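Chemist: Below are the chains, spelled out letter by letter.
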Amino acid sequence: MSDVFLGDALGPRGRRTTRVVTAVSTVAIVAFIVVALLRLADKGQLAESKWEPFTQWPIQRFFLEGLRTTVEVSLVSMVGAMILGTFLSLARLARTGPVRWVTTLFVEFFRGLPLVLLIFFCALGLPAYGVDLSVFWYVAIGLIIYNGAVLGEIFRAGILSLDRGQTEAAYSLGMGYWQAMMLVVIPQAARRMIPAIVSQLVTLLKDSSLGAAVAFEELLRRGRINGEFYQNMLQSLVVVAVIYIVVNFVLSMLARRLEVRQRRRYRAGPITVAGAGMDLALMGAQGESAEIADAGTTT
Amino acid sequence: MNVVFDNLDIFLEGMRRTVELSVLSFVIAFAVGIVAAGLRVSPVPPLRWASASYIELVRNTPLLVLMFIVVFAFPSIGFTWSYFTSAIVALSAYTGTFVGETVRSGINSVSKGQVEAARALGLTFPQVLRLVVMPQALRTVVGPLGGIFIALLKNSGVAVAINVPELTSAANEIGTETAQVIPAFLGAAAAYLLLTIPSGFATNWLEHRVAIKR
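Chains A and B, in that order, are what the protein sequence lines are.
The first sequence begins at 23 in the numbering used here and counts up one residue at a time.
The second sequence begins at 20 in the numbering used here and counts up one residue at a time.
Derived by calculation from the structure, the hints in this document are not laboratory data.
A hint or two may mislead.
Per the computed footprint, the stretches of chain A lying under chain B, defined by three or more beta-carbons under 8 angstroms from a beta-carbon of chain B, are [said to hold, decoys possible]:
1) 32-41
2) 46-59
3) 127-140
4) 145-157
5) 246-257
6) 264-277
In silico negatives: residues of chain B with every beta carbon more than 10 angstroms from chain A [to be verified]:
7) Asn21
8) Glu32
9) Met34
10) Val46
Since this is a predicted model, take the numbers as computed values, not measurements.
Where a beta carbon is used, it is the ideal one built from N, C-alpha and C, also for glycine.
Generate the whole structure from the sequences, applying the supplied hints.
Modeler: Shown next, in the form of C-alpha cells:
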C-alpha cells in the first residue's frame, strides 16, 4: 500500500522520496509527541494525583452513570425521533396538498435551526409556559423534534429511492395506496435506510452532550463536576472524550459494516440526504460521484 | 414580536458574531481539511496515520466536549484564550475533520486516468495532487462543502455554552430578561434561516459556476 499513490504504483524515484519523507515525518511526529508530553509533565498534568481518582470505583461509577444517562436520553430520543420521522415522511409524501405543504414547512424549519437553540428553548420556554417536566425531557424533546425532522427526510429519501416499478406492480395487483406502502414500499425502503439511521444515532449521541449546557447531568456534565471537585479538569474531560470516541467508533463501524453488506446484497447505495447535518453530508460524499452530486442539492 | 424589535441591536450583534465565528472557522477548517485530505492519500504511512487519527478522534468527540477542553483544560497547560478564540479553535478543529473526509472523497472521485496521465508527464506526488487532482476534486465537492458550512453556521450556536454572545445566546438572554421566550427564540430562528437559506442558494450557484462541463 505504501508504494501506491492514488491507485498508481510509484517508480524508483518516488519510492526513494517516500522513504525519506517517511523517516523525516516519523521523527517530526515523535518529536511533537515528546514535546506535548514534556509540556504536560512540566505543568504537572501527568502527576499521579490527577489520574489516581479514575482508579477508584465510586468515581468510575459516577462516570458510568453519566454514560447511562447519555445512552438513555439518546435511545429515548432516537425512538421518539423515528416515530415522528415516520409520520413526517408519510405526510410529506401525502397526496393531499395542504398536508404536504404544512409538513414541508415544519421539516424545513426545524432542520434549518441549530439544535442547541431548540434545547435552550425547551429548557427555558417550556417551564415559562407552564409545561413542567424534568430536564431529561427538555433535552429529549429538543432532540426528538430536530432529529425527527432529519429522519423524516432520510425516510422520505428512502421511500423515493425505491424503483417506481415496485409501487406500480403493487397497484396493478389491486392494492390500494396504504397497502402498497405498508406491504411493498416501506419494508424494502426500511432495509436500505439502516446505515443512515445508525449514523444519525451517532450524531444524536454526540448532540445529547448539549444537555450539559442546560444543567442536565449526563456524561459531559458529570465530567465537569468531577474535574472541578478533584481539580483535574483536563484529565476528566479527556476521559469523557475517550468514552464518547469509543462508543461512537463502535457505532460508526457498525454503520459502515451494514453499508458494505447492503451494497453487496442490493447493489444500491445508502440513502443520502442533503444538508441533514455534517455526518450525512459526509455519507453522501463517501460514495460515487453521482451521490456527491446528489448530496449537493442542499438548502 | 415587539421583544425582537426592541432588542434588535442585541440580535444584530449576535448575528454578526455568528457570522464571524462561522466564516473564520470555515476558512481555517477548509485549510486544515485540505491538508488532512492530502496527507490521508499520500504514499507516506506516518502522515496517513497522523491524518487518520486526527479525523477519527476529533470527529467522534462531541463539539461541546471540544469547546470545554479548549476553554477549561487548555489553560492548565498554558494556553489561555478568549472565549471567542476558543470557540473558533474548537469549531475549526471539529469542522476540519468533515472537510477532510469530504475532500478525500472528492479526490477518490477523480478518475485514475488523470493521475496516470499526470504521472506519465513526470509530475511528482505533490505536483499531481496540487495541479491535477485537487482542482478537480474540489469542484465535485462544492455542494457537500456548502452543506458543511451551513452545518457550521448552526453548530456555532454551541458557543453559547462558553459565553460567546452569538445568536443563540442573544435569544437566551432576551428570553430570560423579558420572560417572552417564544418571540425571542422565533427571532433568533428567523435570523438563522436568514443566514442558512442564502448560503444554500450561494452554494448552488457556485456549484453550477465551477462545474466541469463535459
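Chemist: Compare the structure with each hint and give your call.
Modeler: To see whether the hints hold, each was checked on the structure:
1. Proximity of the segment 32-41 of chain A to chain B, defined as three or more residues with a beta carbon under 8 angstroms from a beta carbon of that chain, is established by the 4 residues found.
2. Counting residues of the segment 46-59 of chain A whose beta-carbon sits less than 8 angstroms from any beta-carbon of chain B gives 3, enough to reach three: the coverage restraint holds.
3. Beta-carbon proximity to chain B at under 8 angstroms applies to 7 residues in the segment 127-140 of chain A; the threshold of 3 is reached and the given coverage holds.
4. A count of 4 residues in the segment 145-157 of chain A with a Cβ less than 8 angstroms from any Cβ of chain B is obtained; the coverage claim is therefore met, three being the minimum.
5. A stretch counts as covered by a chain when three or more of its residues have a beta carbon under 8 angstroms from one of that chain; for the segment 246-257 of chain A and chain B the count is 4, and the coverage holds.
6. Figure legend: the segment 264-277 of chain A, annotated as covered by chain B; annotation consistent (5 residues with Cβ-Cβ distances under 8 angstroms, at least 3 required).
7. A cut-off of 10 angstroms between C-beta atoms confirms that Asn21/B is not in contact with chain A; the least separation is 17 angstroms.
8. Every CB of chain A lies more than 10 angstroms from the CB of Glu32/B, the least distance being 17 angstroms, so the non-interface label holds.
9. Distance to chain A confirms Met34/B as a non-interface residue, since its nearest Cβ pair spans about 13 angstroms, more than 10 angstroms.
10. Distance to chain A confirms Val46/B as a non-interface residue, since its nearest Cβ pair spans about 17 angstroms, more than 10 angstroms.
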